[in-house]
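Residue numbers (our numbering), protein chains in the order written: chain D, -3 to 277; chain S, 11 to 283.
Since the hints were derived computationally from the structure, they do not count as laboratory data.
Each hint should be verified, as a subset may be incorrect.
As a list, the in silico EDC-like pairs of lysine to aspartate or glutamate whose alpha-carbon atoms are at most 20 Å apart [stated by the list, open to error]:
{"id": "1", "chain 1": "S", "residue 1": "Lys212", "chain 2": "S", "residue 2": "Asp267"}
{"id": "2", "chain 1": "D", "residue 1": "Lys253", "chain 2": "S", "residue 2": "Asp273"}
{"id": "3", "chain 1": "S", "residue 1": "Lys257", "chain 2": "D", "residue 2": "Glu266"}
{"id": "4", "chain 1": "S", "residue 1": "Lys63", "chain 2": "S", "residue 2": "Asp16"}
{"id": "5", "chain 1": "S", "residue 1": "Lys231", "chain 2": "S", "residue 2": "Glu34"}
{"id": "6", "chain 1": "D", "residue 1": "Lys251", "chain 2": "S", "residue 2": "Glu270"}
{"id": "7", "chain 1": "D", "residue 1": "Lys253", "chain 2": "S", "residue 2": "Glu270"}
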Amino acid sequence: MPIIETKNLTYTYPIGTKPAFEDVTIKIDKGEFVVLTGPSGCGKTTLCRCFNGLIPHFYSGKLEGEIYVSNLKVVNHPIHELAQHVGMVFQNPENQLFALSVEKDVAFGLENLGISREKMRERVDWALKITGIYGLKDRAPYELSGGQQQRVAIASVLAMQPEIIVLDEPTSFLDPVGAQNIFEVINRLNKDLGITIILVEHRLDLTSKYASRVMIMDKGRIILDGPPKEILNSEEARLIGVGIPKVTRLYQILKNKGLNLNEIPLSAEEATKGLLEVLRI
Amino acid sequence: MIRIQDVFFSYPNGVEALKGVSLEIQDGEFLAIMGQNGAGKTTLVKHINGLLKPTKGTVTVDEADTTKVSVATLAKKVGFVFQNPDHQLFSETVEEEISFALRNFGFSESAIKERVNWALNLLDLAEYRKVSPFMLSGGERKRVALASVLAWDPKIVILDEPTIGQDSQQKERLRQFILQLNHLGKTVIIVTHDVEFVAECKPQVVLMSQGKVIAQGSAEKVLTNLEVVTQASVVLPQISQLFANLKDIGFPTEVIDVNEATDILLGRLGDSR
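Required output: the full structure, derived from the provided sequences and hints.
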């Protein structure tokens, strides 16, 4: 039983003349790490809004087809119920934070879950520490930098430990080391706790190595879906302008010029291994 | 020329954001400022257009001390495109947005018309002339913000995080656009976390950490120096990581570019055959 399933899902915003995405049929199993990418305006963010019921409960418009998340038919369950299963980290953290302190913001979702005070304390501290913002817990979110706010938004979702976490370019304001740390945390949640991850990202050089699956959208449709290496090495991915990792590009160019590596690399480590194999022959 | 001499800056809340920064930026230079969150990058560039004045030290733009000229005078010379376009846009239509500063600078109506058209075409926005900026996508709004700054033809253009939220085709367009501006003789300064973008553009790079400049030089030199890059919370671009790993078997280390990497690898393979 997939944890997310859509059948011929099509959605049009109230002011839209054509669908933001159409005919999306996907199955995502528990424990998958999906990187969702594609050109700006292709419908990625809109599709993600269906996973926690923002569409159709908050945004009106026309939703056709079917969508089930954690065995719940999304159209029949309110956002607050879906929120217990799906955590969402938005592109712009300013839109997500509202409490007077970082700690309260992170605790907010938990207060509605009816868990014990001790357990709550434990989870909040864990989420603050793992995202590196424990020292900011008494500060007001609105006085933090964009990068710090992004960490607060991520911590708020992590504290809930939902079955599914959807992140829409969650580290765009973070410095590279900060971004890498956050991706490592997300990866551990996926590998250690089995949390299903859907990560919307343009920067595949930083993220594709964690993925079990890459989906590429273009003009409102999912056009490629499969194992990261296969998808990112495809001619179609390059032609629609997906930013494939530089070492994957290097692999392709070398291959065209007659130098074949054994494996398609996504990271510098994989490329190193592949090159050492052929160079030492 | 921009001359930043031993600049210190503290915000009213007491945070000391710059702790003795000295930097000279020549006319026509293309510079990327990188470094960890809170290192003082945005604070530093806000000194160039006079939005902030040093607590200690001096900043001069073409010999004029920024504490002695008005922000309006500096603005004509220094165009600043903010990280978040929504902090900058406010007009009803794209056309009005781009005309706004030109009106303030007292350009004639015919000059305004001409410059607005030029900027709309340059950034591929002509079809949105009568559209509200707020109806556009994030990437398009960023282009409107850029057009409204370029319209008055500033000599120095500062872009704060220009690649956030941009897909790879938009980044490639941005890269060509920046190189074109630079080719026209403009000084272009970008503040960015995007190491792969910098590896493709190959500007001069300044790394900042905790209010100080800790390294500067060509992209090839700086972005292959693991020690300073790590200190600034930046990571090596993939290609330089790869060549760092291959160093022990005699490969050069200052490689950040896919094409150069290809030539070196094929050259080496040719030798061994």
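We went through each hint and held it up to the structure:
Note on lysine 212(S) and aspartate 267(S): the hinted pairing holds, with a Cα-Cα distance of about 9 Å set against a maximum of 20 Å. Taking the CA atoms of lysine 253(D) and aspartate 273(S), the gap is about 10 Å. The hint holds against a cut of 20 Å. Note on lysine 257(S) and glutamate 266(D): the hinted pairing holds, with a Cα-Cα distance of about 16 Å set against a maximum of 20 Å. At most 20 Å may separate the alpha-carbon atoms for a hinted pair to count; lysine 63(S) and aspartate 16(S) meet this at roughly 13 Å.
For the suggested pair lysine 231(S) and glutamate 34(S), the alpha carbons sit about 18 Å apart, so the restraint of at most 20 Å is met. Our distance criterion of 20 Å between C-alpha atoms is met by lysine 251(D) and glutamate 270(S), whose separation comes to about 15 Å. Restraint check: the Cα-Cα separation between lysine 253(D) and glutamate 270(S) comes to about 14 Å, which is no more than 20 Å; the hinted pair holds.
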